[in-house]
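Asks: Sequence:
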Amino acid sequence: METRDADGQPARELYALLHLSPDASDEDIKKAYRQWAQIYHPDKHQTIQVPYMGMQDIATENFQRIREAYEILSDERKRQIYDLYGMEGLTSGLELGPKLKTRDEVRQEFERLQQRQEERKLASHIHHRGSMLVNMSAVQMLKTYDTGPTMHGMAMATQVQAQVSKKNTVVLGGNMALRRGMGGGTVTCVLRRQTSPVSSIEVLGMVGIRSILSLQTSRQLSSHATGTLGVSLSLRDGTITLSETWSRQLSEDTTGNIQFSLGPDTGIAVGWQKHAKKNSGSCDLKVGPTLFGVTLQYVRTFSSKSHGRITGKVGSMGVEVELGGERRVSDHSSAALFCSLSLQGISWKLRFTRGGQKFVIPILLCTTLNPTFALGSIFLPASIYAALKVYILKPYYLRRKRRKSLEQRRLTVTKVLEARAASEKAQLLLSNVAERKRRKQVQKDGLVIVEALYGDIRRRDGSDSYLGEDLEDDSDLPPPNIDVTIPLQFLVDDSGELRLHEGVKKAGLMGFCDPCPGESKQLKVAYSYRGHQYQVVVGDYDELRIPQESHRVPRTSGGSENLNQVD
1 METRDADGQP
11 ARELYALLHL
21 SPDASDEDIK
31 KAYRQWAQIY
41 HPDKHQTIQV
51 PYMGMQDIAT
61 ENFQRIREAY
71 EILSDERKRQ
81 IYDLYGMEGL
91 TSGLELGPKL
101 KTRDEVRQEF
111 ERLQQRQEER
121 KLASHIHHRG
131 SMLVNMSAVQ
141 MLKTYDTGPT
151 MHGMAMATQV
161 QAQVSKKNTV
171 VLGGNMALRR
181 GMGGGTVTCV
191 LRRQTSPVSS
201 IEVLGMVGIR
211 SILSLQTSRQ
221 LSSHATGTLG
231 VSLSLRDGTI
241 TLSETWSRQL
251 SEDTTGNIQF
261 SLGPDTGIAV
271 GWQKHAKKNS
281 GSCDLKVGPT
291 LFGVTLQYVR
301 TFSSKSHGRI
311 TGKVGSMGVE
321 VELGGERRVS
331 DHSSAALFCS
341 LSLQGISWKL
351 RFTRGGQKFV
361 IPILLCTTLN
371 PTFALGSIFL
381 PASIYAALKV
391 YILKPYYLRR
401 KRRKSLEQRR
411 LTVTKVLEAR
421 AASEKAQLLL
431 SNVAERKRRK
441 QVQKDGLVIV
451 EALYGDIRRR
461 DGSDSYLGED
471 LEDDSDLPPP
481 NIDVTIPLQF
491 LVDDSGELRL
501 HEGVKKAGLM
511 GFCDPCPGES
521 KQLKVAYSYR
531 GHQYQVVVGD
541 YDELRIPQES
551 HRVPRTSGGS
561 ENLNQVD
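Those letters in the sequence shown? Residues 1 to 567, per full-length UniProt numbering, in order.
Simulated from the structure, these hints should not be mistaken for laboratory data. Cβ coordinates follow ideal geometry from the N, Cα and C atoms, glycine included. Do not take every clue at face value.
As a list, the in silico EDC-like pairs of lysine to aspartate or glutamate whose alpha-carbon atoms are at most 16 Å apart [what the hints assert, rightly or not]:
| no. | residue 1 | residue 2 |
| --- | --- | --- |
| 1 | Lys401 | Glu519 |
| 2 | Lys349 | Glu326 |
| 3 | Lys440 | Asp493 |
| 4 | Lys404 | Asp474 |
| 5 | Lys167 | Glu202 |
| 6 | Lys78 | Glu13 |
| 7 | Lys30 | Glu76 |
| 8 | Lys444 | Asp494 |
Now the in silico label distances, taken between C-beta atoms and shown as ranges [as the list claims (entries may be wrong)]:
| no. | residue 1 | residue 2 | range |
| --- | --- | --- | --- |
| 9 | Leu172 | Ala276 | 28 to 38 Å |
| 10 | Thr150 | Arg399 | 34 to 44 Å |
| 11 | Ala276 | Asp23 | 27 to 37 Å |
| 12 | Ser25 | Arg403 | 39 to 49 Å |
Produce the complete structure using the sequences and hints provided.
Replies: Following this line, the structure appears as structure tokens:
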């Protein structure tokens with residue numbers, strides 16, 4: 001496993017500090033160290049020679065950071081540990097162990113140190129899931145308008161899964177259903193054992209309305225294929241069902257499966273699933289002596305929080321079309337609304353999920369397939385949701401996000417002030433060299449950094465000003481971005497180019513800091529090159545290469561170039 005920072009990215013602060021790529025060679029590391037040592041070595045900043053009395057202390061502090069980074073990255077074994085596990089691996093005792101020659105040996109040693117802790121966590125891996133379904137009918141209410149919706153039935157299910165050891169898992173569950181004064185339920189127990197890295201065996205017992213005892217084994221046949229064999233015995237009538245399932249990964253995002261069943265429900269089922277970034281779909285075909293059915297489903301992902309879905313079913317049970325969407329309302333909650341059209345009528349299905357708990361409320365609206373009623377049942381909730389989203393939900397969530405951001409900034413204000421002060425001191429030592437580079441680039445009409453901002457640049461641009469004036473004032477807090485014009489000008493090489501490496505967090509660059517911990521950060525750079533103005537915005541871990549013609553700012557009608565046009 002690889003140590004990652006709060007953003008989920010590999011920890012590579014030392015590479016950023018020396019302005020190196022994670023793939024840098026030993027010669028690149030030495031060259032970078034010599035370059036930074038020339039700037040920050042304390043002997044070059046004697047107090048007696050510098051008007052600013054604390055300059056030598058600043059140089060000493062930053063030089064120690066540079067030297068520590070160099071000592072780690074120049075040592076092959078320490079660099080292997082750092083690349084795999086970050087500073088945590090270096091401070092956990094790995095560097096004091098025996099000489100490790102390969103990357104695999106480093107990994108194995110660290111995993112042995114963490115094995116006991118991992119085993120202790122296994123006992124706490126208990127997962128609980130539950131669902132509740134309430135069938136409602138609004139048919140009479142929509143006809144007479146003098147009664148409320150009525151409940152026609154309900155069902156509940158719960159399941160607890162516990163990993164009792166590294167190879168054994170126990171699942172206990174149960175369900176019950178009630179409809180028109182009659183009800184029933186079942187209790188289920190499952191024991192699953194991982195017999196090898198590629199195979200497992202599962203025993204299931206069910207008592208209640210359905211009393212079943214089954215045995216199932218699964219095996220990974222190859223890196224892209226798995227197979228499952230199962231046998232089940234009904235304790236009520238003694239019938240036996242044999243099943244066989246084969247699943248194979250057809251491509252990077254596509255899988256297929258086929259299932260054969262022999263017993264009371266004899267049949268063949270074939271399935272196909274495709275999971276892409278924006279579009280997903282599936283197709284299932286079931287054929288048997290008493291059953292035939294085809295199910296098609298298409299899912300369109302609109303954003304990381306919402307998606308739409310349309311499902312069509314055709315078979316011996318009838319025809320049904322279901323369409324709707326789901327949206328994540330918080331980190332652990334989501335809400336969904338679907339409209340179902342079938343020969344049996346029209347209904348809505350409301351679903352709310354919180355953690356492992358699911359609440360589903362189907363509401364029957366009409367017992368016939370009325371075209372006018374069908375159009376209304378589809379477009380009415382969509383229109384209501386669109387209005388709520390634009391005028392209520394989106395402003396509310398933006399305000400809440402803004403308030404959480406303010407709370408986070410207040411909690412980290414001391415840390416941020418210290419980091420900003422350290423970055424300003426580091427920039428102070430870079431300023432002379434950066435100014436010489438700037439003058440040199442000006443003379444040959446090369447790359448000149450006009451302005452560079454790092455952090456939450458949207459606050460600088462005022463893109464959240466429409467949220468209103470009732471938000472808490474943040475004038476007493478440091479801004480969520482920092483000026484990094486000086487360090488970027490310093491990093492411009494003699495050929496008049498600047499490159500920031502991909503996958504390296506920019507807050508670790510010399511003269512930078514994290515001005516808004518926990519928030520999304522960007523780097524905005526306005527620069528001039530050969531008499532033209534340019535501007536670019538890149539993400540925190542994105543590569544930056546300038547100059548590039550694609551960054552050029554179009555001229556306005558007056559002939560000038562607007563630096564604030566590109567965002």
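Asks: Is the Cα-Cα distance between lysine 404 and aspartate 474 16 Å or less?
Replies: Cα-Cα ~12 Å, so holds.
Asks: At the C-beta level, are serine 25 and arginine 403 separated by a distance inside 39 to 49 Å?
Replies: 48 Å, holds
Asks: Looking only at beta-carbon atoms, does the pair leucine 172, alanine 276 fall within the given range of 28 to 38 Å?
Replies: Cβ of leucine 172 to Cβ of alanine 276: about 36 Å, so the range 28 to 38 Å holds.
Asks: Between lysine 444 and aspartate 494, does the CA-CA distance stay at or below 16 Å?
Replies: Status holds; Cα separation ~11 Å.
Asks: With a cut-off of 16 Å on the C-alpha distance, tell me whether lysine 78 and glutamate 13 pass.
Replies: 15 Å, holds
Asks: Straight-line Cα separation of lysine 440 and aspartate 493 no greater than 16 Å?
Replies: Given that 16 Å is the threshold and the Cα spacing comes to 11 Å, the pair holds.
Asks: Is lysine 167 close enough to glutamate 202, meaning Cα to Cα at most 16 Å?
Replies: 12 Å, holds
Asks: Take the C-alpha atoms of lysine 401 and glutamate 519, compute the straight-line distance between them, and say whether it is at most 16 Å.
Replies: 10 Å, holds
Asks: Cβ-Cβ distance between threonine 150 and arginine 399: within 34 to 44 Å?
Replies: 39 Å, holds
Asks: What's the verdict on lysine 349 and glutamate 326, does the C-alpha distance respect the 16 Å limit or exceed it?
Replies: Answer holds: lysine 349 to glutamate 326 is near 11 Å, not above 16 Å.
Asks: Is the straight-line distance between the alpha-carbon of lysine 30 and that of glutamate 76 16 Å or less?
Replies: Status holds; Cα separation ~13 Å.
Asks: Starting from the hint 27 to 37 Å, judge whether the C-beta atoms of alanine 276 and aspartate 23 obey it.
Replies: At roughly 30 Å between Cβ atoms, aspartate 23 and alanine 276 fall inside 27 to 37 Å, so the hint holds.
No hint from the list above goes unmet by this structure.
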